[in-house]
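Undergrad: Listed here are the chains, written in short residue letters.
Number of protein chains: 4
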Amino acid sequence: MVIVNFKTYLEATGKKAVELAKEADKVCRETGIAVAVAPQFTDIATIANTVSIPVFAQHVDPIQPGNHTGQILAESVKQAGAVGTLINHSERQLKLSDIDSTIRLAREKGLFSVVCGNNPSISKATAALNPDLIAVEPPELIGTGTPVSKAKPEVVTDTVRLVREVNSEVVILCGAGITRGEDVVAALKLGTQGVLVASGIVKAKNPYAIMREFAEASKR
Amino acid sequence: MVIVNFKTYLEATGKKAVELAKEADKVCRETGIAVAVAPQFTDIATIANTVSIPVFAQHVDPIQPGNHTGQILAESVKQAGAVGTLINHSERQLKLSDIDSTIRLAREKGLFSVVCGNNPSISKATAALNPDLIAVEPPELIGTGTPVSKAKPEVVTDTVRLVREVNSEVVILCGAGITRGEDVVAALKLGTQGVLVASGIVKAKNPYAIMREFAEASKR
Amino acid sequence: MVIVNFKTYLEATGKKAVELAKEADKVCRETGIAVAVAPQFTDIATIANTVSIPVFAQHVDPIQPGNHTGQILAESVKQAGAVGTLINHSERQLKLSDIDSTIRLAREKGLFSVVCGNNPSISKATAALNPDLIAVEPPELIGTGTPVSKAKPEVVTDTVRLVREVNSEVVILCGAGITRGEDVVAALKLGTQGVLVASGIVKAKNPYAIMREFAEASKR
Amino acid sequence: MVIVNFKTYLEATGKKAVELAKEADKVCRETGIAVAVAPQFTDIATIANTVSIPVFAQHVDPIQPGNHTGQILAESVKQAGAVGTLINHSERQLKLSDIDSTIRLAREKGLFSVVCGNNPSISKATAALNPDLIAVEPPELIGTGTPVSKAKPEVVTDTVRLVREVNSEVVILCGAGITRGEDVVAALKLGTQGVLVASGIVKAKNPYAIMREFAEASKR
Chain A
1 MVIVNFKTYL EATGKKAVEL AKEADKVCRE TGIAVAVAPQ FTDIATIANT VSIPVFAQHV
61 DPIQPGNHTG QILAESVKQA GAVGTLINHS ERQLKLSDID STIRLAREKG LFSVVCGNNP
121 SISKATAALN PDLIAVEPPE LIGTGTPVSK AKPEVVTDTV RLVREVNSEV VILCGAGITR
181 GEDVVAALKL GTQGVLVASG IVKAKNPYAI MREFAEASKR
Chain B
1 MVIVNFKTYL EATGKKAVEL AKEADKVCRE TGIAVAVAPQ FTDIATIANT VSIPVFAQHV
61 DPIQPGNHTG QILAESVKQA GAVGTLINHS ERQLKLSDID STIRLAREKG LFSVVCGNNP
121 SISKATAALN PDLIAVEPPE LIGTGTPVSK AKPEVVTDTV RLVREVNSEV VILCGAGITR
181 GEDVVAALKL GTQGVLVASG IVKAKNPYAI MREFAEASKR
Chain C
1 MVIVNFKTYL EATGKKAVEL AKEADKVCRE TGIAVAVAPQ FTDIATIANT VSIPVFAQHV
61 DPIQPGNHTG QILAESVKQA GAVGTLINHS ERQLKLSDID STIRLAREKG LFSVVCGNNP
121 SISKATAALN PDLIAVEPPE LIGTGTPVSK AKPEVVTDTV RLVREVNSEV VILCGAGITR
181 GEDVVAALKL GTQGVLVASG IVKAKNPYAI MREFAEASKR
Chain D
1 MVIVNFKTYL EATGKKAVEL AKEADKVCRE TGIAVAVAPQ FTDIATIANT VSIPVFAQHV
61 DPIQPGNHTG QILAESVKQA GAVGTLINHS ERQLKLSDID STIRLAREKG LFSVVCGNNP
121 SISKATAALN PDLIAVEPPE LIGTGTPVSK AKPEVVTDTV RLVREVNSEV VILCGAGITR
181 GEDVVAALKL GTQGVLVASG IVKAKNPYAI MREFAEASKR
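For the protein sequence lines, the chains are A, B, C and D, in the order given. Under this note's numbering, think of the first position of the first sequence as 1, with each following residue one higher. Under this note's numbering, think of the first position of the second sequence as 1, with each following residue one higher. Under this note's numbering, think of the first position of the third sequence as 1, with each following residue one higher. Under this note's numbering, think of the first position of the fourth sequence as 1, with each following residue one higher.
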């Protein structure tokens with residue numbers, strides 16, 4: 001599985017976000033590999049109406065419907081067409097009790113939860129909260145083009161080992177610095193089940209080609 | 001001017017948000033009074049594509065495009081069709097320097113800024129930052145159905161007086177507890193130029209009727 | 001073990017904080033039971049110079065020495081005489097990665113870490129981060145006088161069970177609503193090793209008597 | 001007036017904080033210039049008991065006595081001997097409504113309020129909230145050794161001008177990058193009434209000599 005995080009890149013905002021999602025959709029149809037996208041909130045509805053691949057929100061607030069001006073309601077991203085949400089990305093970190101509440105809220109509303117963790121012990125801690133997926137992303141490697149699977153393979157293997165001590169079912173994704181098909185292969189060999197990627201695709205000259213490369217690598 | 005804040009009410013989420021915006025649009029066409037809406041981020045694009053009244057975001061983060069997962073980029077709400085944004089609503093309060101940055105950012109991106117303030121001296125402070133509009137909303141009255149213009153008229157008149165000491169141009173809106181046409185009349189008489197309203201319309205049995213009442217009251 | 005959290009009660013500020021700490025010290029000498037105190041930052045030094053019982057900080061920021069105006073440096077509470085710190089109290093909640101960083105920092109600086117958790121799964125998550133002690137405090141019971149051991153004994157037993165799945169060594173404290181010796185007895189019977197208490201002692205007419213009652217109960 | 005912010009520098013923690021405060025006290029006695037210190041919370045009591053110069057807290061939370069574990073109660077710093085507090089330092093920024101609340105709280109408890117601002121318009125905004133003192137500190141110059149009075153004199157003069165439009169009484173301090181007596185002279189010439197300084201003194205080889213230099217410069 002590949003999740004493409006659009007972050008707040010201009011290359012993945014508005015019409016460009018829809019274009020990028022269409023290319024991910026094409027790769028998915030061509031290869032049979034699940035390529036999901038996590039666009040900005042304002043683009044979820046248009047993208048979900050345009051493509052058939054899974055769409056994730058980048059964040060959801062641990063709130064119920066009501067007077068919460070400016071916050072992100074789970075129902076709002078669900079009704080817009082999202083099937084899940086990232087939680088606690090290193091660029092949008094949450095209090096521990098809010099991570100717990102948001103995972104429960106996502107489950108209650110029928111949204112997949114993808115909780116990000118900075119290091120192996122944090123990933124173990126989040127695994128104890130029973131999310132659907134976990135993504136390990138050392139913040140110091142985000143956006144560097146140096147994949148964690150290469151720079152710090154022990155971070156990935158330690159994460160897999162510690163997470164499995166407390167949770168045998170959660171899907172583990174590998175993130176940070178992934179830019180090539182071989183990085184995906186390495187991530188899968190280290191025991192993860194997919195990748196979370198952002199600039200490696202969004203900022204690529206030819207995002208379609210890279211997503212295609214990632215998908216092919218996932219098949220090996 | 002009337003701005004309807006949809007907050008995160010289920011009655012104003014997804015399809016229901018579009019319906020409510022259509023009714024506001026109808027009132028605007030019938031009465032000639034500017035009725036703007038501030039829906040959730042996920043609904044901005046669909047609403048802006050459906051109606052011709054102004055659409056506001058409920059919040060924008062003081063960020064530039066880039067790696068800011070889960071945050072609200074000014075360009076994203078602009079491209080989705082918003083013409084402005086609420087800033088520092090009492091349910092989404094900001095650090096002072098972020099209010100300043102967001103007002104500047106909004107101007108730079110061509111978005112109107114509507115900064116909310118809790119009390120007269122805070123409103124004066126925000127007026128010093130030169131936003132386009134200011135909304136005075138005593139948080140203790142939000143959602144009560146008791147309008148500030150009735151419960152605490154001096155809050156409104158003090159706000160107008162203090163704001164005008166530092167800023168002769170900013171448009172002043174009155175918020176909190178407004179549910180009837182006469183509340184709008186009272187707000188205008190106290191020296192404001194419009195109202196910011198949420199539950200009074202969103203939670204009304206017949207939002208169209210109330211918006212119409214507000215619009216008629218604005219004409220007096 | 002009994003830890004008395006002074007919070008920001010006036011009854012436990014300044015000279016009154018020193019008086020309360022002296023009474024805890026007296027109970028400790030009389031009963032041999034470890035009674036620790038967690039006063040406000042400003043009172044740590046005076047208390048640590050006056051009594052011989054352990055003194056804890058109520059919070060420490062995950063920072064290194066440097067330019068962090070207004071924050072709490074681990075070295076500052078250590079040099080003032082504290083032997084440990086509360087972390088992530090429900091009234092001072094932290095981001096998950098900051099809990100992890102603060103636990104590591106405390107260990108590095110020779111401070112005991114007492115991490116608070118709202119519910120059993122959160123306590124399990126924090127146990128995965130290897131703090132020295134964990135305190136389970138359902139926030140809805142804090143300050144009520146209804147002990148968690150009575151209102152929700154399953155919260156305590158679930159916490160003990162889940163925490164032990166990932167950590168066999170961490171000391172588990174029971175908090176929230178404890179006001180009588182029998183609450184302490186109940187907490188210990190449910191599998192915890194001590195209590196974290198605040199208003200039950202600080203707001204008591206005779207704090208000395210209650211601490212004495214707690215200490216006697218701990219012996220049983 | 002000179003306020004020395006000890007931040008969380010190890011050179012100004014614990015015993016070293018007391019030593020530094022003693023040297024400031026000595027400079028004050030020798031020159032007659034008011035040199036105040038803003039140490040960490042844990043050091044306020046010891047310093048206030050040792051010296052006769054004014055002691056400030058670096059921050060106070062906008063709370064009343066009660067259940068606020070880990071927060072800074074105004075009464076606690078007051079009882080420890082502080083006569084005032086910094087508010088909204090760029091390293092401890094607050095929401096606008098909390099700045100307003102803290103200024104009111106400080107006045108109510110008899111503490112001087114020193115509100116920091118990043119730029120001229122923010123300083124004008126804070127001046128509208130009627131604090132006792134304002135300190136203008138462009139964050140990009142903090143700790144650089146390049147004084148704002150030299151790098152950006154217009155920031156200081158703009159601040160003075162804008163602040164005076166709304167507040168004729170507030171004392172204006174100049175901060176960021178001040179390391180020499182001539183920087184103090186320049187700051188005063190630009191229309192401020194004193195300086196807020198940190199690393200320029202705390203990190204100096206001979207803090208006493210620098211404070212003495214500052215004091216002499218203030219007399220000119």
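It should be emphasised that the hints constitute simulated quantities derived from the structure, not laboratory data. Be aware that one or more of the hints could be misleading.
[To be verified] One-sided and incomplete, this derived list gives chain A residues near chain C with beta-carbon spacing under 10 Å:
| # | residue |
| --- | --- |
| 1 | N67 |
| 2 | H68 |
| 3 | T126 |
| 4 | T179 |
[Claimed, not checked] As a list, the in silico PhoX-like pairs of lysine-lysine whose alpha-carbon atoms are at most 20 Å apart:
| # | chain 1 | residue 1 | chain 2 | residue 2 |
| --- | --- | --- | --- | --- |
| 5 | A | K16 | A | K189 |
| 6 | C | K15 | D | K109 |
| 7 | B | K205 | A | K15 |
| 8 | C | K205 | C | K16 |
| 9 | B | K205 | B | K16 |
| 10 | B | K26 | B | K152 |
| 11 | C | K26 | C | K16 |
| 12 | A | K152 | A | K203 |
| 13 | A | K95 | C | K95 |
| 14 | D | K26 | B | K95 |
| 15 | A | K109 | B | K26 |
| 16 | C | K109 | D | K15 |
| 17 | D | K15 | C | K16 |
| 18 | A | K15 | A | K203 |
Being a predicted model, the structure only gives us computed values, none of them experimental. We put the beta carbon where it would ideally sit given N, CA and C, even for glycine.
Undergrad: What hints, given by number in increasing order, does this structure fail?
TA: 1, 2, 4, 5, 7, 10, 12, 14, 15, 17
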